Amino acid sequence: MKQYLFCLILCLSGINLFAQDRGLYWKYKDYDGAIALTVPRWIIHTGSWFADEKAQRKLIRKVRKVRVLVFEDQDSPVTKRDVEKFSKKARKRHLESMLTVREDQTRVEVWAKERRNKLRKVVILVREPETFALVSFRTKMNIDEIGQLLKDLPKEFKGKSDKPLLPDNVRSVIRI
Amino acid sequence: MKKTFWLLPIFLMIAAAVPAQNDAILRFFNQYVEDERFTVVSVSPKMFSLVSKISTDDEDWEKFREVVGDLTGLRVLTSDSISNGVALYKEALSKVPTGEYSELLTVRDGQENVRIWIKDKGNIIDELLLLVGSPDEFVLLSLTGKIDLDKISNLTKGLNVKGVEQLEKIKTDKQ
Numbered sequence: 008m009k010q011y012l013f014c015l016i017l018c019l020s021g022i023n024l025f026a027q028d029r030g031l032y033w034k035y036k037d038y039d040g041a042i043a044l045t046v047p048r049w050i051i052h053t054g055s056w057f058a059d060e061k062a063q064r065k066l067i068r069k070v071r072k073v074r075v076l077v078f079e080d081q082d083s084p085v086t087k088r089d090v091e092k093f094s095k096k097a098r099k100r101h102l103e104s105m106l107t108v109r110e111d112q113t114r115v116e117v118w119a120k121e122r123r124n125k126l127r128k129v130v131i132l133v134r135e136p137e138t139f140a141l142v143s144f145r146t147k148m149n150i151d152e153i154g155q156l157l158k159d160l161p162k163e164f165k166g167k168s169d170k171p172l173l174p175d176n177v178r179s180v181i182r183i
Numbered sequence: 153m154k155k156t157f158w159l160l161p162i163f164l165m166i167a168a169a170v171p172a173q174n175d176a177i178l179r180f181f182n183q184y185v186e187d188e189r190f191t192v193v194s195v196s197p198k199m200f201s202l203v204s205k206i207s208t209d210d211e212d213w214e215k216f217r218e219v220v221g222d223l224t225g226l227r228v229l230t231s232d233s234i235s236n237g238v239a240l241y242k243e244a245l246s247k248v249p250t251g252e253y254s255e256l257l258t259v260r261d262g263q264e265n266v267r268i269w270i271k272d273k274g275n276i277i278d279e280l281l282l283l284v285g286s287p288d289e290f291v292l293l294s295l296t297g298k299i300d301l302d303k304i305s306n307l308t309k310g311l312n313v314k315g316v317e318q319l320e321k322i323k324t325d326k327q
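As you go down the protein sequences, you meet chains A and B in turn.
Here our numbering is used: the first residue of the first sequence is 8, the next is one more, and so on.
Here our numbering is used: the first residue of the second sequence is 153, the next is one more, and so on.
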């Protein structure tokens, strides 16, 4: 009986894994010119050692997995329909649209999933005629922790400059 | 049975009328949402709710959080390099359902026109609509939620979105 139960759990987890993210990243990661990378948690953790500020280190360590897909200086194969499909799928997976900015031909969309007062996933999409970028990261960051981190971060990270934050800054942050 | 029969169409008519109030402005927004001359910013209710949960010791942030907590949406359509800003302003102006909104503020400074409307139920302001038009600039801003006019200028520091700074005029006018 135990073995059956174990098999069932294994099968279900397999299905779950398969269904996790068969979206834009998986469709285009092997395309010509695509820069696609998945950064696992242990690399993120290691990378956090090089951060200068303690608050930054703390913030970095809250990120569990990062996926990046970039097409730069070429016609992106990602179509409008793909993005619409992504939006549909995202909503099904309880991701909610947080912010949409369009300036000239640049579009930035931020999606996020929050459950039980924790930020679980953030997806940022940037579309330009010759650039496409998708950044997706999983976290388990408590909302209160974000407040604490904001408090700990040095002033220059709190966006207290006179320049408008949106949309120029969103673009530059994503390009980094 | 008869009562229910009559109540249903009345209910349906009310339900249809409520979203229609804001339809003209929404249509105007949607008409230009893909126009590359404009910058479009749209903030969802979820974003406001998420931000309102983040508390810090920072005084400015707390003021911002206080305002944001009761907001449910923000849409901004703005352009600072167009040739027909005044025409667009007049077009948008003609689409404001004046019966639903009450005018809060009107400023005409040279060729720049600023108008702010509010939609309120009793003491609660549900929506704030801002229009700015000058020969080379146009701003349409729609803010929904429970809006406190005394605190709304705090949004300008926190949001830093083009056009939002016009909300400072409410504060100036009140003083």
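Hint data in this document are derived by calculation from the structure and do not stem from the laboratory.
Hints may be right or wrong, so weigh each one.
[Unchecked claim] Simulated pairs of lysine-lysine, DSBU-like, Cα-Cα distance not exceeding 35 Å:
#1 92(A) with 34(A)
#2 298(B) with 69(A)
#3 242(B) with 96(A)
#4 205(B) with 96(A)
#5 205(B) with 273(B)
#6 95(A) with 205(B)
#7 205(B) with 61(A)
#8 205(B) with 99(A)
#9 120(A) with 298(B)
#10 92(A) with 273(B)
#11 303(B) with 147(A)
#12 120(A) with 273(B)
#13 61(A) with 215(B)
#14 247(B) with 69(A)
#15 36(A) with 95(A)
#16 61(A) with 92(A)
#17 215(B) with 120(A)
#18 205(B) with 92(A)
#19 95(A) with 198(B)
#20 247(B) with 92(A)
#21 125(A) with 99(A)
#22 125(A) with 247(B)
#23 242(B) with 99(A)
#24 65(A) with 303(B)
[Stated by the list, open to error] To give an idea of the interface, some chain A residues facing chain B are shown, with a C-beta separation under 8 Å as derived from the structure:
#25 90
#26 101
#27 105
#28 108
#29 109
#30 121
#31 137
#32 138
Quick caveat: nothing in here was measured; it's all calculated off a predicted structure.
Glycine included, every Cβ here is placed at the ideal spot set by N, Cα and C.
### Which numbered hints fail
Going through the list in order, the structure violates hints 3, 10, 14, 16, 22, 23, 25, 26, 31 and 32 and respects the others.
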